Every structure is written in C-alpha cells, then in structure tokens.
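Protein chains in written order, with the numbering used here: chain F, 7 to 337; chain A, 7 to 337.
Keep in mind that the hints were calculated from the coordinates and are not lab data. Accuracy of the hints is not assured; some may be wrong.
It does not matter which identical chain is used: a pair holds within one copy or between any two.
[Unchecked claim] Derived pair list, reagent style DSS-like, types lysine-lysine, alpha-carbon separation capped at 27 angstroms:
1. Lys222 to Lys79
2. Lys9 to Lys79
3. Lys73 to Lys8
4. Lys9 to Lys185
5. Lys33 to Lys254
6. Lys9 to Lys222
Note that the structure is predicted; figures quoted are calculated from it, not measured.
Number of protein chains: 2
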Amino acid sequence: MKKGNTIFFENAPCITSFAAICGSKEKEGVLGSFADITLEDDMYEESTFEKAECKMLSTVVSLAMQKGGYTEKDMDVLISGDLLNQIISASFAARDFEFPFLGVYSACSTMSESILLGAALVNAGYIRRAVAATGSHFASAERQYRYPLELGCTRPPQAQWTVTGAGGCVITDEKSGIKVVNGTLGKVCDFGVTDVNNMGAAMAPAAADTIMQHFKDTGTEPSDYDMILTGDLGALGSRILKDLTWEKGYDISENHVDCGEIVYKVIEKEFQGGSGAGCSATVLNSYIFSKMQAGLYKRILFAATGALLSTVSSGQGESIPCISHAVQLEV
Amino acid sequence: MKKGNTIFFENAPCITSFAAICGSKEKEGVLGSFADITLEDDMYEESTFEKAECKMLSTVVSLAMQKGGYTEKDMDVLISGDLLNQIISASFAARDFEFPFLGVYSACSTMSESILLGAALVNAGYIRRAVAATGSHFASAERQYRYPLELGCTRPPQAQWTVTGAGGCVITDEKSGIKVVNGTLGKVCDFGVTDVNNMGAAMAPAAADTIMQHFKDTGTEPSDYDMILTGDLGALGSRILKDLTWEKGYDISENHVDCGEIVYKVIEKEFQGGSGAGCSATVLNSYIFSKMQAGLYKRILFAATGALLSTVSSGQGESIPCISHAVQLEV
Numbered sequence: 007m008k009k010g011n012t013i014f015f016e017n018a019p020c021i022t023s024f025a026a027i028c029g030s031k032e033k034e035g036v037l038g039s040f041a042d043i044t045l046e047d048d049m050y051e052e053s054t055f056e057k058a059e060c061k062m063l064s065t066v067v068s069l070a071m072q073k074g075g076y077t078e079k080d081m082d083v084l085i086s087g088d089l090l091n092q093i094i095s096a097s098f099a100a101r102d103f104e105f106p107f108l109g110v111y112s113a114c115s116t117m118s119e120s121i122l123l124g125a126a127l128v129n130a131g132y133i134r135r136a137v138a139a140t141g142s143h144f145a146s147a148e149r150q151y152r153y154p155l156e157l158g159c160t161r162p163p164q165a166q167w168t169v170t171g172a173g174g175c176v177i178t179d180e181k182s183g184i185k186v187v188n189g190t191l192g193k194v195c196d197f198g199v200t201d202v203n204n205m206g207a208a209m210a211p212a213a214a215d216t217i218m219q220h221f222k223d224t225g226t227e228p229s230d231y232d233m234i235l236t237g238d239l240g241a242l243g244s245r246i247l248k249d250l251t252w253e254k255g256y257d258i259s260e261n262h263v264d265c266g267e268i269v270y271k272v273i274e275k276e277f278q279g280g281s282g283a284g285c286s287a288t289v290l291n292s293y294i295f296s297k298m299q300a301g302l303y304k305r306i307l308f309a310a311t312g313a314l315l316s317t318v319s320s321g322q323g324e325s326i327p328c329i330s331h332a333v334q335l336e337v
Numbered sequence: 007m008k009k010g011n012t013i014f015f016e017n018a019p020c021i022t023s024f025a026a027i028c029g030s031k032e033k034e035g036v037l038g039s040f041a042d043i044t045l046e047d048d049m050y051e052e053s054t055f056e057k058a059e060c061k062m063l064s065t066v067v068s069l070a071m072q073k074g075g076y077t078e079k080d081m082d083v084l085i086s087g088d089l090l091n092q093i094i095s096a097s098f099a100a101r102d103f104e105f106p107f108l109g110v111y112s113a114c115s116t117m118s119e120s121i122l123l124g125a126a127l128v129n130a131g132y133i134r135r136a137v138a139a140t141g142s143h144f145a146s147a148e149r150q151y152r153y154p155l156e157l158g159c160t161r162p163p164q165a166q167w168t169v170t171g172a173g174g175c176v177i178t179d180e181k182s183g184i185k186v187v188n189g190t191l192g193k194v195c196d197f198g199v200t201d202v203n204n205m206g207a208a209m210a211p212a213a214a215d216t217i218m219q220h221f222k223d224t225g226t227e228p229s230d231y232d233m234i235l236t237g238d239l240g241a242l243g244s245r246i247l248k249d250l251t252w253e254k255g256y257d258i259s260e261n262h263v264d265c266g267e268i269v270y271k272v273i274e275k276e277f278q279g280g281s282g283a284g285c286s287a288t289v290l291n292s293y294i295f296s297k298m299q300a301g302l303y304k305r306i307l308f309a310a311t312g313a314l315l316s317t318v319s320s321g322q323g324e325s326i327p328c329i330s331h332a333v334q335l336e337v
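Pulled out of the complex, with its shape left as it was, chain F reads as follows (with noise of 0.2 angstroms):
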C-alpha cells in the first residue's frame, strides 16, 4: 500500500542480523567499539584502495550472513551499490557469492534505497531474505573525485572527510528483529548549490523534503521518533536542515543526529564530520541497530542523503542534485 510517497509494508519485513567494518581513523570514533571489524591498515591486505574497499563490502555481507547464521543458499539477492565509477565495489563484491544481485545508486543514499527495495521484495512475497550492504572508502573517494592524496592538497572549511568503511545488514520475512515499517521514496532536489566541497548544504533540502514528505504520508510528527537519523549532512548541512523543517512546521532539533556528525571523535580535523556511503552504513549497522536490539531506541526514521553528481557533471558547471530515500524502522 502505497500513500504519497510512502510505500507501508504491513507484513513487516525484519532486519535479522546485521555487520559493519571500519577503517582505522573511525575506529577511533563511536563506531570504533561497535565495529565488527575495525582494520589497523586501510588498505586491508590488498594492493590498492579500489580492492580494499571492494573487500570491505564483500566482508560484511558474509558477516552479516554469518552473524545471522545463515549460508549463500539462504540469500535471494544482494541489494548494493557504491560511490565508484560504475560501481565497481558492489559488482565486484557480488561475484563473490551465488545468488542474484541488483545494483543500485543513489550515492550516500544507497543504504537506505536498498533496505527500501530489499523489504519491498520481501513484503511482497517475492523473496524471503535479501542483503543489503554498501561502504566507501577515503582513498578511494578522495582520488576519484578530487585529488590524489599524494598531492597533498589543503581542505576548505566547509569540506567533510569520506568515511573507510562498509555496512550491511539481512532483511527477512521473519518475525524477529528489527522491522522495516515503511519506506518513503525521495524525488531528486536541486538547490543550485555548485559547490563540490559542500555537499552538506546541498543535500539539506532534498532530506527536509523527504523527511516532511514522510511525515505526512504517515500522519506522524518528529516527536513520535526516538531518533530522526541523517546520513552525512555533517555540522553545516544539519543546520540547514533543521532551519528548513523548523520554517514548514517542523522541529526537528530535539531528536535529530546525523551520521556524519558522529562518526569521528574530534571534529576539528575533518570539519563538518564524515560522509560516504559507508558512513551511514557503518553507523547504522553497527552503533544504531545494535541499540535499537537492546531496546534503547524503539522507533528511528533513517534518511541517508546522496549528492548525484560526478567530476563531469561539476566540471561542465552544473549545480548537484541530491536524493533521500527514508525508511522507518521499529522494534
């Protein structure tokens, strides 16, 4: 059933296990004690970081499998997508294991569009478990999109600092865990901004429309969550969101905690927090469920952000459209 935007799962699908792995520098951070696996060497025995990260991906699908005690021949398919041209990482990643794979992008948004599209199989009775995963990589990142690292460029103020690291979790057609309630599809937005080292502002308004898109088609408010989460706004870009939602109607501040902006223990050096697809992944997977299975957390709307642009796109001076795919998770 479907209202605006909103696609509601009534046999909610559940989130049975559930893994995250992490780079050095975010070990330090939050995530560091609720990592599965947090790496000593970013390039995690491999010979270069496309590999590394490409390894990350595949680790925590076999964990999360794993942890859930489940084998390949219990998999209907594999939900994943990364920040690589191509998306080399997931495809890669994928002929690692015997079951079928859809690859999807939404840039930093793709955790949240593959638990979105793996509880629509599910719920629907297609499949019975699906594993949807993704992460990125600083390196990786940094040399793709802006320059080598051995160049050793400065970083502007405004800038945020990709997170190592990658996330994945089961959902099933079993009645234990965490349950996907619903899922809120995003519409692509586009403020303008044309600023590639300020993604935060630019994907503000694309998580303010689907976050009040959501409320709306559920008849909820932000009070009725325990925690209304953002994938990597970071410090900037959470600001704008919460001026954005507070001048619609809605105050957001008071359970609003963006991924970006606690994924690393000391701010200064990475500025406005972190990003990536592994960064919401990473916390998500790791600090948040593991929380909410404890039962501090009952009910959390997850709204992980992407900015769709590539080097191509800013380098022909066009502005950064940007996406919000949510789901609402409850135990």
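Let chain F serve as the given structure and place chain A on it in line with the hints.
Structure of chain A alone, referenced to chain F:
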C-alpha cells in the same frame, strides 16, 4: 511468488506506452522508422555530449508519459540508470520530474533491471505506475571508457559501437498493452575475460546463465518464445551464447536475436554491432514493442546484458564481471 531466481507477477503489470529516440547513425538502421524521434545532430542542441545524453533520457521519459496520456501526477516513480559515472544522465533527467526516483545500475542490463523492478513494485500494489528508462551516447561513452574522439584511435575487429539513443516505457496496473509476466534476477558471472574491447565474449556467459535459469524456473523451452532477445552481445557474443546454451541442451539458434546485431544497417564498419545501455533500450522501446502491439510477436524473453567494469578496474588488471536480468513479455 518466486521460483529459483524468477519472480512471477500474478497481477500482470502492463507496459501501456513507450518511446525511443536515436541518433543520426542509428536512424539509418532498423530503428530509423520506428523511433519516435531521430536526431539530425547528435549534440541535440546541447553544449556537451553528456548533456545531450541526459536530454535524450529526459525526452523519452516525457514522451512515454505523453503517449500514454499520463501527466507527472500520474507517475509514482522513475527507475533509471545509465553508463556515465555516477549515472548522471539518469539523475539529472530525474531532476526534470516531480515524482520520486530510484537509481539503478547494471550497465547495459539496466533496461531489463528497471522493467523488472518497476513491474515488481506495481504487481505488489505498492505503486500504480512506474517509468523505466535508460540510454547511452556514443561520444560520451567513448571519452569516458576509451579515448576522446579527437584522438582518432583505430578500433579492433571485436569492438562494438555504443548506440546513441534512449528508450523508456510506462509500467502500470492497467490491463492493456504488453504484460510483464515474470522477471529472472541475474547473478554476476565472470569467465576471466580481460579484453575491454571484447564485451560480447565477456557478457555471453551471464546471458546464458540467466536465460537457462529462466527456462528452468518457468518450465519453458526456447521454442515457447517468438524471440529470445539479448541486449548487445554483438555478432561474436551471440555465437558464444548459442554455443554455451547448446552445450547445456538448449538450442536457441532458431529464435535468438541480439539488439546489437540488428541496430545498424551495415555492420562492417561497426564490426560486432551496437552496444551500450541505449542499444537494447531503443530497439525494445521502438521496433520490438511496436511489433508486439501489432501482434507479430506474442511472447518475448528480453535478457539485456551488462558488463560491470570500469576504467579503474581494467587498469588494475581485473577481469570483467557481467550480469543479465531478464523479463518475460507477452501480449
């Protein structure tokens, strides 16, 4: 309901309208008279190839809606992706529409992946109408994947020619048009091919895997179909596909057609034929759907194939993982 890797759509979502646009070179081929719009100039009045590609995609989405008598308000979601880094054609095209967007990526299999997902969402009753669309542009693909045209590089005999074109269709819960009966989810297959100019050989095993899985899951055989339509294996890839399926006891030689093989009039210059996400998108959404509507073809298995490589993965010595998603179409 799912059997093996095939999802059955009991409520038979229907493709009620479709549209295709193609470039000046494609105009001379089989498409010429069936595409809704053919370009005189492949720049399509834009300043860059990438913007022309995006405009083609946006145009077919609008046109497919218009031909079906739909407005933006009637649409629930656009499901699209393309070959450019970070699927910018699809994302930027989505900016033109006031309804949600789901970004997908499976290279040249994007057309079948998006129809499959659209049909799944409609069949489950989540939404009423989805637009599935994709496209590609010869010049933007050449400069991103190979060499800028200005270099005037020669092409090896096993090379294919990326189609300049886009196609899209509207999938609805209305009971008229072309039925989407079921969809077979593809697995990633990698036979170790590393030659980026030989996509046909790389993709053939993925096509064979999905097509044979489809026969198994649905209890059908090659002769049950008027046509088994692959995306863009080209001349060489098609021969390999026929060999691979024949070895396993399926003779598809009688009714196999490859979009890449039929898209151009004179294939000598294009060697193996056409390729690119726009190849199967244009052929399917012009010639094939027109002939199905006219009753010439009653049942088609559409299995587009995608090569999931990037210039980075190839540069790092990786082989080419491939995938093929399939949908069964009937009138």
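Within, between, both or neither, where Lys9 and Lys222 count as close if Cα-Cα is 27 angstroms or less: within (9 angstroms within a copy, 37 angstroms between copies)
Have a look at Lys222 and Lys79 and pick one of within, between, both or neither, based on CA distance no larger than 27 angstroms. between (40 angstroms within a copy, 17 angstroms between copies)
Between Lys9 and Lys79, at a C-alpha cutoff of 27 angstroms, which is it: within one copy, between copies, both, or neither? between (35 angstroms within a copy, 14 angstroms between copies)
Are the CA atoms of Lys33 and Lys254 at most 27 angstroms apart within a copy, between copies, both, or neither? neither (38 angstroms within a copy, 50 angstroms between copies)
Evaluate Lys73 and Lys8 at a C-alpha cut-off of 27 angstroms and name the case that applies: within, between, both or neither. between (33 angstroms within a copy, 25 angstroms between copies)
If the cutoff is 27 angstroms on CA atoms, where do Lys9 and Lys185 land: within, between, both or neither? Let me know, please. The answer is both: 19 angstroms in one copy and 25 angstroms across copies each meet 27 angstroms.
In summary, the one numbered hint that this structure violates is 5.
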